[in-house]
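Participant: The sequence shown begins at 182 in our numbering and counts up by one.
If you are wondering where the hints come from, they were derived from the structure by calculation, not from laboratory data.
Small disclaimer: the values here were computed from a predicted structure and weren't measured.
Hints should not be assumed to be uniformly reliable.
[As the list claims (entries may be wrong)] The following label-pair restraints were derived from C-beta to C-beta distances: (1) Gly254 with Pro423: 29 to 35 Å; (2) Asp183 with Arg207: 48 to 54 Å; (3) Thr361 with Leu394: 47 to 53 Å; (4) Asp329 with Glu211: 25 to 31 Å; (5) Arg494 with Arg386: 31 to 37 Å; (6) Ala227 with Thr282: 19 to 25 Å; (7) Arg386 with Ala344: 15 to 21 Å; (8) Pro326 with Pro192: 47 to 53 Å; (9) Pro326 with Asp183: 24 to 30 Å; (10) Thr383 with Gly254: 31 to 37 Å; (11) Pro326 with Ala388: 30 to 36 Å.
Ideal Cβ placement from N, Cα and C applies to all residues, glycine included.
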Amino acid sequence: MDLAAFRALEPFCWRAPSAHNTQPWRLRYESGAIHVGWHAAHTLPAADPTGRDLRLSLGAFVETCLIVAADAGLRLEFIASFDEQHRQVGRLRPARHRYPTPFRTTDVWQRRTDRGRFAAGPEQQTLDAVDSVARQAGGGLLAVPYPDRLGALLRAADRRLYADPAVVTELRRWLRLDPTHPSYHADGLNDRCLALSRPAATGLRAALAAYPLLRRLGLPRLLAAADEPLARGGAVLVLVGPADLDRPGQVEFGRVLLRVWLTLHTAGLAAHPLSQLIDVDATRTALGALLDVAPDRLLHVARVGRPTRPAPRSARRLGTV
182 MDLAAFRALE
192 PFCWRAPSAH
202 NTQPWRLRYE
212 SGAIHVGWHA
222 AHTLPAADPT
232 GRDLRLSLGA
242 FVETCLIVAA
252 DAGLRLEFIA
262 SFDEQHRQVG
272 RLRPARHRYP
282 TPFRTTDVWQ
292 RRTDRGRFAA
302 GPEQQTLDAV
312 DSVARQAGGG
322 LLAVPYPDRL
332 GALLRAADRR
342 LYADPAVVTE
352 LRRWLRLDPT
362 HPSYHADGLN
372 DRCLALSRPA
382 ATGLRAALAA
392 YPLLRRLGLP
402 RLLAAADEPL
412 ARGGAVLVLV
422 GPADLDRPGQ
432 VEFGRVLLRV
442 WLTLHTAGLA
452 AHPLSQLIDV
462 DATRTALGAL
472 LDVAPDRLLH
482 VARVGRPTRP
492 APRSARRLGT
502 V
């Protein structure tokens, strides 16, 4: 295997999505293989206690590596060997053929999370296409009905998370609300990607700094009410997995999720994750009831639509190509 050739492609691979943009993955090069694992310091034990978002992110990273390698003419395949104790998901190794995919490195590079305004939601043809991607893996993709009820669930989920000091502490660690932050161009959630104006970013930073005092005075409710993402348009889609999906299976569905996102991207659409809806038990159960799906099958939620303007590119530790 030409390890140097793949190393040169790593900045493209780092465009994979991850919760809070923590970029948890790591690569370890050995003779004949590239081992894929994760850094414990780049996980979210408070906001993602089950590790679902972590495993989806790792799967998305694996799929990104395979797409980028295939587009460069490298023949790689992924051999899964999930190991929680040693924080490993598997390895990339030489294959006889290039990985079959309709996507290109340009799709990976240009895909962005978009928290801005959407002019319209996905057309039925696109909904059918992404549902087909999920169904090939034993899952499905559902549009959420009753947007008024969904808004109430979203506010309830935000209130519950903002009321948890551990979640807020973790969020503060990954927020980059000032361009002078030392990691502003490396990782995390910066003000531009959160679509915050300078006054709004300053206000949020001040509110979270005073969180220990203001939490008892109603700050969680105020923070939850400060943003209305559903008012910015689009449709809310939910990725549904097979029943009894285990942890290695969630990694595989991270690969499915990346294919879904790239299918949306090539149709001119963007996605804004709303994972809080399934991070909170009560709203997860309520959302499952709305969809008539077992709550433990809900893997990912996002607002999807056609952006009205280009979204800023999120930061990456490997940003030079």
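Participant: Hint by hint, say whether it matches the structure.
Facilitator: Verification of the hints:
Taking the beta carbon of each, Gly254 and Pro423 are about 34 Å apart, inside 29 to 35 Å as hinted. One distance hint, 48 to 54 Å for the beta-carbon pair Asp183 and Arg207, is violated here, with the actual separation near 20 Å. Look at Thr361 against Leu394: about 25 Å separates their beta carbons, and that is not inside 47 to 53 Å. In this structure the supplied range 25 to 31 Å is violated for Asp329 paired with Glu211, their Cβ-Cβ distance being about 54 Å.
Look at Arg494 against Arg386: about 22 Å separates their beta carbons, and that is not inside 31 to 37 Å. In this structure the supplied range 19 to 25 Å is violated for Ala227 paired with Thr282, their Cβ-Cβ distance being about 35 Å. Judged by the Cβ atoms, the range 15 to 21 Å given for Arg386 and Ala344 holds: they are separated by roughly 19 Å. Hint check: Pro326 to Pro192, Cβ distance near 41 Å, so the stated range 47 to 53 Å is violated.
At roughly 50 Å, the beta-carbon separation of Pro326 and Asp183 lies outside the given 24 to 30 Å, and the hint is violated. For the pair Thr383 and Gly254, the supplied restraint of 31 to 37 Å is violated, since their beta-carbon distance comes to about 48 Å. Restraint check, Pro326 to Ala388: a C-beta distance of roughly 34 Å satisfies the suggested window 30 to 36 Å.
Violated hints, listed in ascending order, are 2, 3, 4, 5, 6, 8, 9 and 10; each of the other numbered hints is respected by the structure.
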